[in-house]
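Residues per chain, in single letters:
2 protein chains.
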Amino acid sequence: MLNKINITAWFKGLQTDICDQLAKADGSGKSFRSDLWERPGGGGGLSRTFDGDIIEKGGVGFSEVHGQLSEGAQKNLGVSHGEFFATGVSIVLHPRNPFVPIIHMNVRYFELGDGTWWFGGGIDLTPHYIVDADAAKFHKVLKAVCDRHDIGDYNHFKKWADDYFYIKHRSETRGVGGIFFDRLKGDKTSTFEFVKDVGSAFAPIYIDLMERCHDKGYDESHLQWQALRRSRYVEFNLVWDRGTQFGLQTNGRTESILMSMPPMARWVYNYQPTEGSAEEITLSKLKKEIDWVRMG
Amino acid sequence: MLNKINITAWFKGLQTDICDQLAKADGSGKSFRSDLWERPGGGGGLSRTFDGDIIEKGGVGFSEVHGQLSEGAQKNLGVSHGEFFATGVSIVLHPRNPFVPIIHMNVRYFELGDGTWWFGGGIDLTPHYIVDADAAKFHKVLKAVCDRHDIGDYNHFKKWADDYFYIKHRSETRGVGGIFFDRLKGDKTSTFEFVKDVGSAFAPIYIDLMERCHDKGYDESHLQWQALRRSRYVEFNLVWDRGTQFGLQTNGRTESILMSMPPMARWVYNYQPTEGSAEEITLSKLKKEIDWVRMG
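Taken in sequence, the protein lines are chains E and F. Under our numbering, the first residue of the first sequence carries the number 1, and numbering increases by one thereafter. Under our numbering, the first residue of the second sequence carries the number 1001, and numbering increases by one thereafter.
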């Protein structure tokens, strides 16, 4: 029978599996470091970090936490039950080569003491330089995942990602989006099958990008642009990402929450890319509602 | 008679004066660039930015804005009047040499359509490496400024800075604090005299630090630590600073608000300084309630 025990076990296995696959594809011979931690209020996690030849800073986090939600947390979640259980896997990878995109994936399961439960998650891509065909391929894979499941609604989840990963103070999306979903509940087994499919899609998607993009040539100007895009990633995560804000403001484990931070970021006052440059073209495509599936 | 016109004029003059003094002390022969901007809802500002020999990234902002407060903004400010006027000067300087501290200063005046008004402001220091005697000297100058005015309450404003410039998710202060005050109202002329004294104290305080610290020798390890401290500065400003959050979430001018960002910052998973190192000693002093005046 499907319950929090075997959902947790599957997530834990996914973390191991993804770390192994990424380390192999990176080709540096290194493996992910492991940092086991406990949560004072109940549960804990395993934070795995990596710096290799292709991936400059990668974090793959697993956690399984339980305990009592504060009144503030209950209000925040819109629930009226204190006892909770949550488990999930969260990933952010920052590559060295500016032509390899940043990627983020999350799958999570939440359960209250009264038996209420839901799944959430998604995958989104943040290229430093947008390549239409790559963004299209990325979205096509996600659409195929959604299309394999009754509960998977690509159009809805794609719009949700556009709206969620939006840097409001810059009027730009974080990247080319992807899919995002929350409070997903239906038949439990088939909902979980969809979430598993999302989780399993992650490694092949990113390994394909690593393999195809990691040896593209770049120079100092591309690295400068990458550092600027990374600062926008920081701005989104610290100012707008509800998970990050909630975690930091409610005594979550700071180092695990901030595994998403880039290794380095730059801020330049009022930077304007040269007209017609690759940088300007990328900026022009950081918009909501681009039908990426049709772009390649 | 003292009114918003001559308060604004004095703030504007302070900006010019500070930029001139800093550029001269920097010694690079460069001057501050000026970027004039307008606020769609009323008013505007002048953002002045600098990169010199000692100061790597400096921003000195002046603004004078007016218009109607949204209901959200009124609630946020705890007022029930829509018409407002606000003017102020805000400064953050990030030096090249890790042995020169980061500094922040703000003086501001706020007025509602019903005639209610108040001043706010403060100066605080964020050394990458804490030197007790320098922190003590800094606090002594601020105490002397406070002591010259009936409304200047050093102990109260020092505690306020400790509480305000606190990176809760790291359990560390942003730096060695300083003074912070808000909603200051008393006799208008003497309150303004105090605020003017704070504003005028800024340039001599920082120029002294520039002159004494800018030619201290440093190597790559000091720069790495500086980059880590800068990432904490980013975290404070984006996650906890009410002014930054409010500005970014209410369509403020992003580039002016984020003039406070460092030129570059690094994030390293779970960095722990070596026992007994200068870095560890600095970390151990990023605490509230240190009586800095007595430390040097």
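Wrong hints could be hidden among the right ones.
From chain E, some residues computed to sit far from chain F (all C-beta separations above 12 Å) [what the hints assert, rightly or not]:
#1 W37
#2 T49
#3 F85
#4 R96
#5 K168
#6 A227
#7 S231
#8 F236
#9 Q249
#10 R266
#11 N270
One side of the interface only, derived from the structure: several residues of chain E facing chain F at Cβ under 10 Å [said to hold, decoys possible]:
#12 M1
#13 K4
#14 I5
#15 L46
#16 V65
#17 Y164
#18 Y166
#19 P204
#20 V234
#21 L238
#22 R242
#23 G247
#24 L258
#25 P273
Simulated from the structure, these hints should not be mistaken for laboratory data. The C-beta atom is built at its ideal place from N, Cα and C for all residues, glycine as well.
Hint check:
1. W37: violated, 10 Å
2. T49: Since the minimum Cβ distance to chain F is about 5 Å, T49/E lies within 12 Å and the statement is violated.
3. F85: Holds, because the least Cβ-Cβ distance between F85/E and chain F comes to about 23 Å, which exceeds 12 Å.
4. R96: About 14 Å separates R96/E from the closest Cβ of chain F, which puts it past 12 Å; holds.
5. K168: violated, 7 Å
6. A227: violated, 7 Å
7. S231: violated, 7 Å
8. F236: violated, 10 Å
9. Q249: violated, 7 Å
10. R266: violated, 5 Å
11. N270: Since the minimum Cβ distance to chain F is about 5 Å, N270/E lies within 12 Å and the statement is violated.
12. M1: violated, 37 Å
13. K4: At about 28 Å, which exceeds the 10 Å cut-off, the nearest Cβ of chain F leaves the hint on K4/E violated.
14. I5: Status violated, d = 29 Å.
15. L46: For L46/E, the interface hint is violated, since the closest Cβ of chain F sits about 13 Å away, which is over 10 Å.
16. V65: Constraint on V65/E not satisfied, violated at 17 Å.
17. Y164: Violated. Min distance 16 Å.
18. Y166: violated, 13 Å
19. P204: At 26 Å from the nearest chain F Cβ, P204/E fails the 10 Å test, so the hint is violated.
20. V234: Holds, because the Cβ-Cβ distance from V234/E to chain F comes to roughly 6 Å (cut-off 10 Å).
21. L238: holds, 4 Å
22. R242: Since chain F brings no Cβ nearer than about 13 Å to R242/E, farther than 10 Å, the hint is violated.
23. G247: This interface hint holds because 8 Å falls under the 10 Å limit.
24. L258: holds, 6 Å
25. P273: Result: violated, 14 Å to nearest chain F Cβ.
Hints 1, 2, 5, 6, 7, 8, 9, 10, 11, 12, 13, 14, 15, 16, 17, 18, 19, 22, 25, counting from the list given before, are not met by this structure.
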